[in-house]
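Taken in order, these protein sequences are the chains called Z and P. Straight run, no breaks: the first sequence in the numbering used here ends on number 490. Straight run, no breaks: the second sequence in the numbering used here ends on number 490.
There may be inaccurate statements among the hints.
[To be verified] Here are a few chain P residues that face chain Z, going by a calculated C-beta distance under 7 Å:
{"hint": "1", "residue": "S88"}
{"hint": "2", "residue": "E89"}
{"hint": "3", "residue": "P91"}
{"hint": "4", "residue": "V114"}
{"hint": "5", "residue": "A272"}
{"hint": "6", "residue": "D303"}
{"hint": "7", "residue": "I332"}
{"hint": "8", "residue": "A335"}
{"hint": "9", "residue": "K341"}
{"hint": "10", "residue": "N468"}
[What the hints assert, rightly or not] These stretches of chain P come out as covered by chain Z in the derived footprint (C-beta under 8 Å, 3 or more residues):
{"hint": "11", "segment": "56 to 66"}
{"hint": "12", "segment": "221 to 231"}
{"hint": "13", "segment": "259 to 269"}
{"hint": "14", "segment": "410 to 420"}
Hint data in this document are derived by calculation from the structure and do not stem from the laboratory. Predicted model, so just to flag it, every value in this text is computed and none were measured. By construction, the Cβ of each residue, glycine as well, lies at the ideal position given by its N, Cα and C atoms.
2 protein chains.
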Amino acid sequence: MDKKSERILSEENRLIEFKDQSSIIDQIRPFLEPASIAVVGAHANTGEQAFNVIEHLMWLGYTGNVIPVNPEYEEILGRKCYPSISEVPDKVDLALLQGPRSTIPGVVQQCVQKGIKSVVIAGAGFADADDEGRRLQNEIVNIARRGGIRVLGPNTIGSANPFFNFSTSFARQTEMKKWPVGVVCQSGMFFGTIGRLNLLGKGVDLGNSCDVDISDVMEYFVLDPDVKVVVLHIEGVIDCNRLKQIAGKACRKKPVIVLKTGRTAESGKAAKTHTGSLVGRDEVWDAFFRQYGMTRAETFDDLSDLVNAFCYLPLMSGRRVGIVTASGGIGIACLDACKKYNLEVAELGVHTKRKLNAMSPSWFEIANPLDIWPMMLTTKQPYGETFRDIVGEVLGDPGVDGIVLFAGAWFDRINPPITRTLVDLAKTYPGKPIAWCPYYGWLYDNQSYEIEQTLMSMGMPVVFSNPEDSLRALAALARYQEFLNDSQ
Amino acid sequence: MDKKSERILSEENRLIEFKDQSSIIDQIRPFLEPASIAVVGAHANTGEQAFNVIEHLMWLGYTGNVIPVNPEYEEILGRKCYPSISEVPDKVDLALLQGPRSTIPGVVQQCVQKGIKSVVIAGAGFADADDEGRRLQNEIVNIARRGGIRVLGPNTIGSANPFFNFSTSFARQTEMKKWPVGVVCQSGMFFGTIGRLNLLGKGVDLGNSCDVDISDVMEYFVLDPDVKVVVLHIEGVIDCNRLKQIAGKACRKKPVIVLKTGRTAESGKAAKTHTGSLVGRDEVWDAFFRQYGMTRAETFDDLSDLVNAFCYLPLMSGRRVGIVTASGGIGIACLDACKKYNLEVAELGVHTKRKLNAMSPSWFEIANPLDIWPMMLTTKQPYGETFRDIVGEVLGDPGVDGIVLFAGAWFDRINPPITRTLVDLAKTYPGKPIAWCPYYGWLYDNQSYEIEQTLMSMGMPVVFSNPEDSLRALAALARYQEFLNDSQ
């Protein structure tokens, strides 16, 4: 794509300037909550490896009207199949277009004629490919612009919404969960699971982003009451001014977490090939994210941790961390991480020290980080009660804004179990985040799975795996609180 | 501890200068493979929360002679209990000392008189605590020195050896596995599991390191045929010259991976309190690790990844990486990570491109990173065969030294399944590491556990969770190969 066509794409791309909130809701909602969907290029093969969107929708329990379109079939999975979109008699809220790229502009034209307002183009081979692909994509944009319709893609998995049992994905997701998270991404990988990252609540894959773009969907998610945290995966952005405009408002209302890939000259070039979008220098992005109060995730695991923290932990009102561990060695690693993420190691108050001293062997000095083990082995109480008392004292100290806690999954077998204790403490101190690291080896042990399930059932599905991750998350919670304070 | 006593400790500490390899083996082996163990301060409470070492040893299946010592009992768990170590008639290979700190020097003296050569002091409250504790520790060192015995600790969990069904740990470990890894650490946390890190094969916790130190155990592990990879957790080291001397030999024989905590001034001070050892500036440590060919892990997760990589993947003979993904977006994140870890993005050869082109849609350009999805959806072969052909072509390219592969756990359900394909390819190209990221969300899904089990049963228990982790591991494999080449 040459400079000129880039500029033209950028200018022509903005089909509609949204004047009020109702219009963005009206325009984006059909991609996530369509009352009906026409699947152009549907087929009748079934099974996990058939990638049959209609079967997938049935499996999800989607209750809207599903209309197959393909001249080769009379019916698909019990539904009457129409030879073309023009011949569908029903009202169509969303059209999902599959099939060879050369056919797509014609089908989009038919969608316009039928009065369909929202179209997903799944296939690749457009601005992500060659000159012919770019020509076809421009043709699609022109048709959409003239027809006043919104296009998601091309080169996209589309959208997914567990709150509506809906997805346009051709691949069956492992699990869709009603997490209070809205994800805008430029890759279908978010519809699978990356590292510790599962599909996060509602998701929209922008693909080549020929029309519907990051700002549209971000604006929608900020207004969506199901969404508490907005996640952006950015490779590049076409309309940066609009992104700034929307981001400026969004971050004051909801936390926005960003994973920016295509950070170097080489990968930026590849990102342009991948989805035809532009990238900029990484330092510029970094400054932009900071200025607008966005939280930048450095890695996929980081993203997962931050999403969990912002969904389920309170913001941190200051930077003073209490470090409670069942190992002196971990305490030292936590100090390293505090320094790295610019957190303060809290000075425990006289009252706290007195209470903890009474539980300790004489030679033991109460300090932060606090190794609980000498106290656990000294006091005559049951382990669970001693543990609860120690953590409660540190968390309740007025000089502590949040804690990081290293105590193994084993602590769930003491009485009261650690999960119960932490859920209770979280309720007692609702303004202080507790970052728990139940150190177990997920790789060789499925005990972790059981713990997660217990925690989730108690409404506290947040754990971290090491000092770095937990303290980075606490630092992000503190920084976002500072941003909100500063922007009042 | 003042400057003078530090110096004295450092000089007096070295009880014996090892003249040959047999002596270090003789001196350290009893800590890991004792024919008999006397447990001083044993008790008769049982159950997981009783922290009964003897019960733990029975549970592990330890077949050596276990001798309880405690004046309060006649017998413990069916074993005759002696009032003091002096009255034990049997030969004692290793004595584990529990109980109040003031009693310990006297018991060490009794051990010397009985001719016991190896003693573990579990309890805390010595150089890790106050002046009295430091005095007691110095007394112990003096007794040990005069008596010609080796002391591990104080303030230590002791040792663990799954190859011998042995552990001195008072806490029952989740799992001990015969991983080919020897861990020397300054924290009991390694005997639990941290993040993705399980107890790694044989382990020795140095505690306060009053006698047996990091160099002793490292030297032993380098000579131990069960150990393929040596792991060091360092907070601080007393005898740096000896560490240099041993490290200089060790790294040419086996990969040594280091996690250094106590990196900052604050945490270094805490590390000194924790185990009484000295720390130095982090940049100095960094230069030292590089010079001696040690691989530095930055975080606990990093340590886990590196240990797995060095245990089960071949070293990488160059820095040219092939990137094969089921998502264009992940490919871009991999390019970012290649840049970060100084790896080269391989240029695919003409032959490889020709083969892959034949499988692709016409508009698709074969490049590295390679998104497999357009090929998977185009060729008429079963998915598993196409996948195998694609990965085989890239891995077989002479311009590729190793690959990173992003393909979901789902790919284990195609035929042949991904695990089978990768195990076969690893055999075909034994000099090229394959870093597989089966992106699944471990947090909410125990499918990962099943995949791990399958992989382990096939002898390839290595997976990574994201682009950063996998490429950092490949970079470490390449760097260690470079070190070996340079030091020939």
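Right, here's what the structure says about each hint:
About 27 Å separates the beta-carbon of S88 (chain P) from the nearest beta-carbon of chain Z, more than 7 Å, and the hint is not met. With 7 Å as the threshold, the beta carbon of E89 (chain P) stays out of range of chain Z, its nearest partner Cβ sitting at about 27 Å, so the hint is violated. Interface restraint check for P91 (chain P): the shortest CB-CB distance to chain Z comes to about 31 Å, outside 7 Å, so the restraint is violated. Checking V114 (chain P) against chain Z: minimum C-beta separation of about 25 Å lies over 7 Å; hint violated.
Here the hint on A272 (chain P) is kept, as its CB sits about 5 Å from the closest CB of chain Z, short of 7 Å. Against a cut-off of 7 Å between C-beta atoms, the interface hint on D303 (chain P) holds, since the closest Cβ of chain Z lies about 6 Å away. Of the supplied interface hints, the one on I332 (chain P) holds, with its beta-carbon coming within about 5 Å of a beta-carbon of chain Z, less than 7 Å. The restraint placing A335 (chain P) at the interface with chain Z holds, with a minimum CB-CB distance near 5 Å, inside the 7 Å limit.
Here the hint on K341 (chain P) is kept, as its CB sits about 4 Å from the closest CB of chain Z, short of 7 Å. Interface restraint check: N468 (chain P) against chain Z, minimum CB-CB distance 4 Å, threshold 7 Å, status holds. Using a Cβ-Cβ cut-off of 8 Å, 0 residues of the segment 56 to 66 of chain P lie near chain Z, which falls short of the minimum of three, so the contact claim is violated. Judged by the Cβ-Cβ criterion of 8 Å, the segment 221 to 231 of chain P is not covered by chain Z as claimed, because only 0 of its residues qualify and three are needed.
For the segment 259 to 269 of chain P, the stated coverage by chain Z holds: 6 residues have a C-beta nearer than 8 Å to a C-beta of that chain, and at least 3 were required. For the segment 410 to 420 of chain P, the stated coverage by chain Z holds: 5 residues have a C-beta nearer than 8 Å to a C-beta of that chain, and at least 3 were required.
The structure is inconsistent with the numbered hints 1, 2, 3, 4, 11 and 12, although it conforms to all the rest.
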